[in-house]
Amino acid sequence: MQNSISFFTGFGINDLWFLGEAALKTLWISVLSISVGTLLGTFFGWVLHEGKLAATLTIAPVLDVFRSVPLIIQLVLFYNFAPIIGLNFDPFLSGVVILTFYTASLVANVARGGIEAVPQSMRRASRSLGMSYWQDLFHVVLPIGGRAVFPAWIGVVLGVMKDSALVSVLGYVELLKASQVLITRTQEPLLILAIAGAFYFALSYPISRYANKFEQRWSK
Amino acid sequence: MFDYNFHWRPVLKTLPDLIQAGLTTLEVAVLSMVIGIILGLGLALIRMHMKGPLRWFTVAWIEMARNTPALFQLFFFGFGLGAIGINLTPYTIILAGLSFNCAGYLAENFRGGFQAVPDTQLKAARCLGMNAWQAYTRIVIPQVFKVIYHPITNQMVWAVLMSSLGMLIGFRELSGETQFFASRTFRIFEYFAVTAVLYYVIVKIILAVSRLLAMRLFRY
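Residue numbers (the numbering used here), protein chains in the order written: chain L, 1 to 220; chain B, 1 to 220.
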């Protein structure tokens, strides 16, 4: 004889799958925006290094805005701005666009630092040996500068992966949103938040560990 | 394509409220930075000098703070602690969450700062007849401070940007206030655009003050 009806069901094995799937979505949106953003950011970094005055007047302030405004505001702003100019983006696409530019703005500084980390004399030497400008850029600057700023880049990657949790504001069901959905249903916030936290930790910690190892090997 | 009418008047009318909320944002950020610096210093010192459970605790804290999203940490302080009967107000949630996060990040910065000052400096100071307290406050700390000044400024900017997450836990700082007004008037884009500008201004002010202070502190 049951007197009251329970609206909440307990946490089951299916929910773990649900969270795992959501973790994959977090991974997917991060990988997509980080890879495109890194390419874009590297290009911006190169432009910032090469075109001193022109770049400082054009793209530098724009990139600065992406770094100085909270990501959550950027996301809401873009999500509400896109329909105004006639673009119908779903939450995922809006999230990817903003995260990409956000990554690019962070990577641009990193990339410029990398290019400037290569001594001028080394670049002159490579040019003197008959390398073209592009050969110099890809065979000398990229390997040496890349190593110098690798830790900084990893920092950006981890930061963006964690910040991708904010896309949940737009309604994209990634890890954090999924945990919210489950909390609403099961009313067991502590357990579910612990699991979601463990997923984030499992995504982020190995990368930072691996990067540390790389850094130590290179610094020898 | 472009049939949207911008209405800026409601935003302008509530601009004083927004600026007031901006001050709240600043207040939360500064407070959490002060708490974060104190806690972070403690965490760094314990992590460097102690062994046993206390050290594991600090390592767990630092890794949790650095490897999970800030929003997740806020949810933890909000829903997670709520589940075991500790109900915090939105203000305390955001303060606790930001302090937790800042302490974790700053602890690593402090650790780097302490490691950047060679041991021999301390030994030399002691040889010159200073006691431990004098050696630390006059020789080690000033040098550490110089190394970590820039990271602290960065963290301060991050604290301001992260405080925007208050919007999601119902705290009426700049973002929360914006959300409130935006949902009342349906002028979402206009409100968030103005808020973005306000955040930009706040960040620029912080950076300018930090630069002025640096000029005053590090001239010799």
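Take these hints with a grain of salt, some might be off.
[To be verified] Derived lysine-lysine pairs resembling BS3-like cross-links, with alpha carbons at most 30 Å apart: (1) K204/B <-> K52/L; (2) K213/L <-> K25/L; (3) K204/B <-> K51/B; (4) K204/B <-> K146/B; (5) K146/B <-> K123/B; (6) K146/B <-> K13/B; (7) K51/B <-> K123/B; (8) K146/B <-> K213/L; (9) K213/L <-> K51/B.
Hint data in this document are derived by calculation from the structure and do not stem from the laboratory.
Predicted model, so just to flag it, every value in this text is computed and none were measured.
Tested hints:
Pair hint K204/B plus K52/L holds up; C-alpha atoms about 22 Å apart against a cutoff of 30 Å. With a CA separation close to 27 Å, the supplied pair K213/L and K25/L stays within the 30 Å bound. Distance restraint check for K204/B and K51/B: the Cα-Cα separation of roughly 42 Å exceeds the 30 Å cut-off, and the hinted pair is therefore not satisfied. Restraint check: the Cα-Cα separation between K204/B and K146/B comes to about 21 Å, which is no more than 30 Å; the hinted pair holds.
For the hint linking K146/B to K123/B, the alpha-carbon distance of about 20 Å falls within 30 Å, and the restraint holds. Distance check on the hinted pair: K146/B and K13/B sit about 44 Å apart at the alpha-carbon level, beyond 30 Å; violated. At most 30 Å may separate the alpha-carbon atoms for a hinted pair to count; K51/B and K123/B meet this at roughly 23 Å. Restraint check: the Cα-Cα separation between K146/B and K213/L comes to about 28 Å, which is no more than 30 Å; the hinted pair holds.
For the proposed pair K213/L and K51/B, the alpha carbon gap of about 23 Å is at most 30 Å, so the pair holds.
The structure fails hints 3 and 6 (numbered hints given earlier, in ascending order).
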